[in-house]
Amino acid sequence: MTAPARIVWLASFPKSGNTWFRIFLANLAAGEKGPADINNLDERGGSASSRSEFEEATLLDSDLMSHDEIDELRPRVYETIAGDTIDQRWMKVHDAYTLTCAGDPLFGRNLPCAAVYLARDPRDVAESLSYHLNTTVDDAIKFMNTEDAALCSGRKGPGPQLRQKLKGWSGHVTSWLDQANVPVHLVRYEDLIAEPVASFGAALRFAGLRATTEEIERAVRYADFAEMQRQEKEKGFAERLSRTAPFFRAGRPGDWRETLTAEQSITIERHHGTVMARLGYRLEL
Amino acid sequence: MLGSRVTCERVLIYSYRISGLHVSSELELPVAIPEAPQAKAADVVIRRGPVPMALDGATARGPNWEMAGEIFLLRVPRLARFQIAAGRDIVVEIEPGVTDRDAAGFVLGSVFGILLHQRGALVLHGAAVAKDGRAVAICGASGEGKSTLAAALCRDGCAFVTDDICVVGLDANRRPIVLPDGRQLKLWKQSIDRLDLAQRRGEAVRESFEKYFIEPSDALGQASPLAAIYVLRGARPPFQAGIKHLALADAVRALDYEAYRPVLRSKIGKKPEMLTHAAAMLGHVKMFLLVRPRGFEHLDETVAAVRAHWDALDR
Numbered sequence: 002m003t004a005p006a007r008i009v010w011l012a013s014f015p016k017s018g019n020t021w022f023r024i025f026l027a028n029l030a031a032g033e034k035g036p037a038d039i040n041n042l043d044e045r046g047g048s049a050s051s052r053s054e055f056e057e058a059t060l061l062d063s064d065l066m067s068h069d070e071i072d073e074l075r076p077r078v079y080e081t082i083a084g085d086t087i088d089q090r091w092m093k094v095h096d097a098y099t100l101t102c103a104g105d106p107l108f109g110r111n112l113p114c115a116a117v118y119l120a121r122d123p124r125d126v127a128e129s130l131s132y133h134l135n136t137t138v139d140d141a142i143k144f145m146n147t148e149d150a151a152l153c154s155g156r157k158g159p160g161p162q163l164r165q166k167l168k169g170w171s172g173h174v175t176s177w178l179d180q181a182n183v184p185v186h187l188v189r190y191e192d193l194i195a196e197p198v199a200s201f202g203a204a205l206r207f208a209g210l211r212a213t214t215e216e217i218e219r220a221v222r223y224a225d226f227a228e229m230q231r232q233e234k235e236k237g238f239a240e241r242l243s244r245t246a247p248f249f250r251a252g253r254p255g256d257w258r259e260t261l262t263a264e265q266s267i268t269i270e271r272h273h274g275t276v277m278a279r280l281g282y283r284l285e286l
Numbered sequence: 015m016l017g018s019r020v021t022c023e024r025v026l027i028y029s030y031r032i033s034g035l036h037v038s039s040e041l042e043l044p045v046a047i048p049e050a051p052q053a054k055a056a057d058v059v060i061r062r063g064p065v066p067m068a069l070d071g072a073t074a075r076g077p078n079w080e081m082a083g084e085i086f087l088l089r090v091p092r093l094a095r096f097q098i099a100a101g102r103d104i105v106v107e108i109e110p111g112v113t114d115r116d117a118a119g120f121v122l123g124s125v126f127g128i129l130l131h132q133r134g135a136l137v138l139h140g141a142a143v144a145k146d147g148r149a150v151a152i153c154g155a156s157g158e159g160k161s162t163l164a165a166a167l168c169r170d171g172c173a174f175v176t177d178d179i180c181v182v183g184l185d186a187n188r189r190p191i192v193l194p195d196g197r198q199l200k201l202w203k204q205s206i207d208r209l210d211l212a213q214r215r216g217e218a219v220r221e222s223f224e225k226y227f228i229e230p231s232d233a234l235g236q237a238s239p240l241a242a243i244y245v246l247r248g249a250r251p252p253f254q255a256g257i258k259h260l261a262l263a264d265a266v267r268a269l270d271y272e273a274y275r276p277v278l279r280s281k282i283g284k285k286p287e288m289l290t291h292a293a294a295m296l297g298h299v300k301m302f303l304l305v306r307p308r309g310f311e312h313l314d315e316t317v318a319a320v321r322a323h324w325d326a327l328d329r
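These protein sequence lines are chains A and B, in that order.
Everything in the first sequence is counted per my numbering, starting at 2 for the first residue and increasing by one.
Everything in the second sequence is counted per my numbering, starting at 15 for the first residue and increasing by one.
Some hints could be false.
Here are the in silico distance ranges between beta carbons for each label pair [to be verified]: (1) B:A68 / A:R206: 35 to 43 Å; (2) B:S231 / A:K234: 42 to 50 Å; (3) B:R308 / A:T260: 23 to 31 Å; (4) A:T214 / B:M67: 48 to 56 Å; (5) A:D140 / B:F253: 48 to 56 Å.
Coverage of chain A stretches by chain B, computed from C-beta distances (three or more under 8 Å per stretch; other residues unrestricted) [to be verified]: (6) 58-66; (7) 75-83; (8) 107-121.
Hints were generated in silico from the structure; no laboratory data involved.
Bear in mind that the values here come from a model prediction, so they are computed numbers and not experimental data.
Every residue, glycine too, gets a C-beta built ideally from N, C-alpha and C.
Use the sequences and the hints to build the structure in full.
Quick look at the structure:
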């Protein structure tokens, strides 16, 4: 890349390590003053689906607009953000890479942006997602298999997030990896666990963000699960949806072998086998 | 509810009172407070007409708006375009197939928000209710629960003053007052059901939307003295439920943050006027951080806490 990206989309299907990555970034910024507060992450980059940022930028009352009307303005909002950002902003994204009704890419055209795409074995996503959405594993799998599934798509009450179309697990992965507008760097959650310093470091280099190995090592240490769990236990976590289940769970790759039934893992492999194989996830069907 | 109207050259003209201003409008604004046509010229004139797609010589722009001197252009894709000039003239061009009612919501919200900034007003993003001749404002971002709390306070015997856009003016003695924005409270169906307000449910804010206007049982049409400003947040780490006084420095910062669309303040606000205004206001009005426990089941608790806190404020 020639110039460092103004916005780096930190894109992933839900429960694929996005929050962990943002906590790592917060710790990288905190340096020796870390570990960073898990409840104070948004100031650093925010989320692409923030309702209040949309309203502040467009001056409009989003409650008076349909999801599609809102989406039509989102590329313009990101153009403004990219123009206003001086350094580099890493923004959390759960939306799939889609086109608006007007035919515009949701994340704008020809912007100084890049994407780090986080992928995780969908068999492990399923269990984690069921906790997060407070539903059964079977329903979480159905959600992952549904092309038109979306987050925050209801129109019954107010919420801090705009609608986010997901396109199902496979559709989500391919929407980001196969688009040609934004340079994208793939990071597998499993590689972040196995080789955090190398994997986080490669993503930073891709985005043109300079950090020494020592700084990366320290941020990885401060962002480990034990630290995140300690903070959540002590003070809670603002982004947790479930009233009972903690947000930060162990998340070991391959946990699905113990938690999913054979039928459940087979269903996932049947639906997503092609994309799983493409990402190097071994099928056991 | 229809505005008082007179026919003039075969165009219907409606008269309303919005945020303390006399408004003359070719566009019907459902739920705005109607008033008899005024003998003197209106403060604000709304008419239909062509609105350009872009402004020449724009000095500031956002995703869907541009500004050139005293002229502001606001675009809502597929719905309408609005031109707001010098705090007085509003031109509305509605896209074919879009109803006046769908455009009216934007006039009463964003368009008036812009116009009020052009006039140098201090505009908070918040609702207000009144009791015994004193008003309190409840500020907060969309989705924090301002309207729901305002509705619950009205159910508890308060009078409704304003929803969403809260203009703080100064009276003849330079004491802060709140001006009604001339709109009814808007609530999502979920809140209406939980508050048992189905009987007061008015029209939907837009066709097929599950957000509705609520007809107030008691609404104040005129200005009332402002007693306190609460900045509302839902309890989530690190915020714990409770009411905390904001010291002056925090209050000044909160006032900036809780402004209606802060970018308007920085781009078109008349800074010296607004600063004097804010200083005069904070000399009389205390600001508090109000963190409410989340969930409808705690709403009555929050209402009781606010009422008790409010009663204990110095008169």
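Report the numbers of all earlier hints that the structure fails to satisfy, in ascending order.
Numbers 5 and 8 - these are the hints that the structure violates, sorted from lowest upward.
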